[in-house]
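Asker: Between the sequences and the hints, there should be enough to build the whole structure, so can you do that?
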Amino acid sequence: MATLKKKMVQWDPTDIKEELLRKYPPKVARKRAKQILINEAQENETPEISANVRTVPGIITMRGCTYAGCKGVILGPTRDIVNITHGPIGCGFYSWLTRRNQTDASAEGADNYMPYCFSTDMHDEDIIFGGEKKLAKAIQEAYDTFHPKAIAIFATCPVGLIGDDIHAVAKKMREKLGDCNVFAFSCEGYKGVSQSAGHHIANNQIFRHVVGENDAEKPGEYKINLLGEYNIGGDGFEIDRILNKCGITNIATFSGNSSYDQFASAHKADLNTVMCHRSINYVADMLETKYGIPWIKVNFIGAEATAKSLRKIAQYFGDKKLIDRVEAVIAEEMPAVQAVAAEVRPRTEGKTAMLFVGGSRAHHYQELFGEMGMKTLSAGYEFAHRDDYEGREVIPNLKVDADSRNIEEIEVEADETRYSPRKSSEEMQKLEDAGFRFKHYDGMIPDMDKGTLIIDDLNQYEAEKLVEILKPDVFCAGIKEKFSIQKLGVPMKQLHSYDSGGPYAGFRGAVNFYREIDRLVNSRIWGYMKAPWQETPELSATYVWE
Amino acid sequence: MLLRHTPDTISERSALVVNPAKTCQPIGAMYAALGIHGCLPHSHGSQGCCAYHRSTLTRHYKEPISAATSSFTEGASVFGGQANLLQAIDNIFTVYEPEVIAVHTTCLSETIGDDLNQIRDKAEKEGKIPEGKHVIGASTPSYVGSHVTGFSNMVKAMALAAEKTGRKNGKINIIPGWVEPADMEEIKRLAAMVGVEFILFPDTSGVLNGPLSGEYHMFPEGGVTMKELRSAGDSMGTLALGEWCSADAARALDSAHKVPCRVLDMPFGLQATDRFIDALRTVAGVSVPEEIAHERGQLVDMMSDMHQYFYHKKVALVGDPDQLIAMTEFLVSIDMCPVHVVTGTPGKRFEKRIREITADMPFEVNVRAAGDMFLLHQWIKNEPVDLIMGNTYCKYIARDEDIPLVRWGFPILDRVGHQYFPTVGYKGGLRLLEKILGVLLDRKDRDASEESFELVL
Ligand code: SF4
Ligand code: SF4
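Taken in order, these protein sequences are the chains called E and X.
Under the numbering used here, think of the first position of the first sequence as -13, with each following residue one higher.
Under the numbering used here, think of the first position of the second sequence as 450, with each following residue one higher.
It should be emphasised that the hints constitute simulated quantities derived from the structure, not laboratory data.
We put the CB at the ideal spot given by N, CA and C, even for glycine.
Wrong hints could be hidden among the right ones.
Sample of chain E residues with no beta-carbon within 12 Å of chain X, all distances over it, derived [unchecked claim]: (1) Gly95; (2) Glu111; (3) Thr131; (4) Leu147; (5) Lys276; (6) Glu353; (7) Lys385.
BS3-like cross-link-like pairs, simulated, lysine-lysine; straight-line CA separation at most 25 Å [what the hints assert, rightly or not]: (8) E/Lys9 - X/Lys801; (9) X/Lys763 - X/Lys801; (10) E/Lys20 - E/Lys385; (11) X/Lys582 - E/Lys9; (12) E/Lys17 - E/Lys385; (13) X/Lys801 - E/Lys13; (14) E/Lys294 - E/Lys361; (15) E/Lys306 - E/Lys231; (16) E/Lys294 - E/Lys409; (17) X/Lys617 - E/Lys13; (18) E/Lys123 - E/Lys158; (19) E/Lys13 - X/Lys582.
Answerer: Laid out in structure tokens, this is it:
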């Protein structure tokens, strides 16, 4: 097969870093230098990276904004809340169905507002005279037309500037309507440095206004919540299938395939499992403080990771019946996965990947690539904080800068009536002694090879350079990056929205991912970049008929 | 039912828009700017808007959309964005080396009141704009008008870059409006066939339907050059296609440099294309070549071949004003009945034009400017149609109501190819008819009972 690929020159990571920085004005270069890290073994500690810092104006970033994190990522996947964007039409429009959040609204009488986009469509007179009246009216109109159980309001940039008090409007309307919970999010796009700020604002308000609203007992055994899973391409469906099969009850997913009632009942679970550490770790902490539910980090991306996470959950509950059930499920599911892994492996072994997505995905997906024998040459996050790279222990040392101070931290205390520790301190200690780790996340750096490049807030210029230098077999990022990478002749897999594929979580998801990556790295398409006359332009001296 | 909450009963809403039929200004400005050669669009505001606009354009055009942002955080929102923009201009020229930066505002920088011209002048004074490079700007507050307005504003900014030397360049300016790159290519082909020399702006052909060659060029071949734009003031005249998209720019050229202009409809369908060709001919003082009459005849032939399937079929349409006006006329010309027509873009003249075009139809058309797709759906529930034409979001209505859909307009997120196949001109008319007939007959093939199923329905 004719491919364009030149043999990879052995690049020294230091040279690559230099090459990436060469073109920047000195100030930009200094700043970026701290966000580009060569993964080296250091004594007893992980190297430090600069993250969650402002994007340099004029640099073509992969990041989005606070509103996108709040409305798009966290509230987007919830089906029975009417989400009204308060602002000019654009923000609402762009966050309308574009994240591929799937939902199962097939239950009799279930509400599903996800295919709808609601906006106050502010006009200039609202900007000049204030938009509170229009917002109140819009809430009323939404209530009259749909009678939802909850209405959420999202502030966009101009709303913050003109000073509309969306929380006061929400409160007034909640009281007026009586049977509809109305709450608001101050998630103006300019707050914070990335969508991460929006996750925070969203989670805080859900915690404040919804969690704990429903005290009814939920049926089922081994009750957990799944935090930080958004059901992109049906991931949440696959995880739920596996949990069900094991006999584990998922009370609430935050927030893939979720419903209002799930959030309202989340305090009924006995364990919180955290998938995307970045988007939600603080909620896990709050649930523990307020209700006494411990949390552990899990990862359902990758078959091995899935098995490990299931075992971890089973070990937590410590019940023989569950432990056996989990082993039986793993034994039943694994062969099909391994068969496909074995089938693709000869075609994927030794191939290389780069991943630049999210605040956990660039870490999690390395497991899947590993299962195919593929190496990750370089990875980084779009909106992570240092703990996502270096591990949770750095949290106490994080500098609180002006941008982070913007984002409200809520103070929680143990709920007087509902706090109950799920396990005694002796039981917790026993688990910890056996190597079980609560409230813990290692971060991406320790899992990556020596000499790999870890880059925070990668931008288009650096992406292009990296790809030119290292020629990975597949590059993973988002839609904005997709086609510039592919123009270079390298297949690009979207890992925020999965292009049209998925699910990739769990056992069946692993199979889907193996097949998808096999297709991408072995497609003939990438061999057609040059016409034959471009590959060998020299004319031979004579014209010869064969 | 995916849109299970949409009731048949229509109640007036004055504050809540549901399922918008428009989006905001900057995305239009960004698209227009990509039609300038060597141009990096720049979004002056917080980075989320830019990310959203790039994502949506990428999803629609399936091409890299590069654009920079001033990345406002809270500080810039309080103290103004001047420092951010100055820094951005410097960084952009150093790192990406474009010929032009086309800045547009967002609702944030507009609300703060940042003055683009003043910041541009300051950048110039501070030597941040290298010799021979340009920064142009358009004010695009997203709380006025729609994405169409933003497109128009940026095209106007392009027109204002024109100069007059007094030496005629022998060309005519053609402003194509917000159409696909392939449409721009087709407009150029037709103009060249008629034999006129022209400056087309913006021109995204080659930029947003570029080849895959193993090389990435942030600034591909294609786009109108700044040199051409500057000389637009010396042209014989301007043809502006579409009142909403293009007229402002044409009028600005007229008032600034006395370049006479004519505003035409976008050349979708037979009659609008006829008028476009005729205008080209008269403005340039040439005669229309036989090949064009031949292409026209082919379209008329296809119309007659298909007429039996189209006659009095009801259609619901949603999209942007200029496109809708031309399309409504086209549908009427083949005896179809556009019964519901909605655009999200405001403008009273729109409703009037649609009513004029449909005046002698055997029914009263429902038409709304500044409407939304929720209303369109409700209209459809009350008066069902045989066909829907509109963007990707229509697929939810189409599925729930079981109505064939022709994807047309912006954005088309779930299909590929629209960037390559024109729908303007006579050739574009052929493609539109083929698409419409395709979905109508697929539906018939699917629905026919076994006894009435025939090889040729
Ligand atoms: S903040 Fe304004 S400019 Fe930005 S996406 Fe929203 S409406 Fe558009
Ligand atoms: S994985 Fe990434 S994209 Fe997803 S929620 Fe976490 S941070 Fe966001």
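Asker: Compare the structure with each hint and give your call.
Answerer: Okay, the hints, checked on the actual structure:
no.	hint	verdict
1	Gly95	violated, 10 Å
2	Glu111	violated, 9 Å
3	Thr131	violated, 7 Å
4	Leu147	violated, 5 Å
5	Lys276	holds, 29 Å
6	Glu353	holds, 27 Å
7	Lys385	holds, 16 Å
8	E/Lys9 - X/Lys801	violated, 55 Å
9	X/Lys763 - X/Lys801	holds, 20 Å
10	E/Lys20 - E/Lys385	holds, 15 Å
11	X/Lys582 - E/Lys9	holds, 19 Å
12	E/Lys17 - E/Lys385	holds, 16 Å
13	X/Lys801 - E/Lys13	violated, 56 Å
14	E/Lys294 - E/Lys361	holds, 21 Å
15	E/Lys306 - E/Lys231	holds, 16 Å
16	E/Lys294 - E/Lys409	holds, 22 Å
17	X/Lys617 - E/Lys13	violated, 47 Å
18	E/Lys123 - E/Lys158	holds, 12 Å
19	E/Lys13 - X/Lys582	holds, 23 Å
The structure shown violates the earlier hints numbered 1, 2, 3, 4, 8, 13 and 17.
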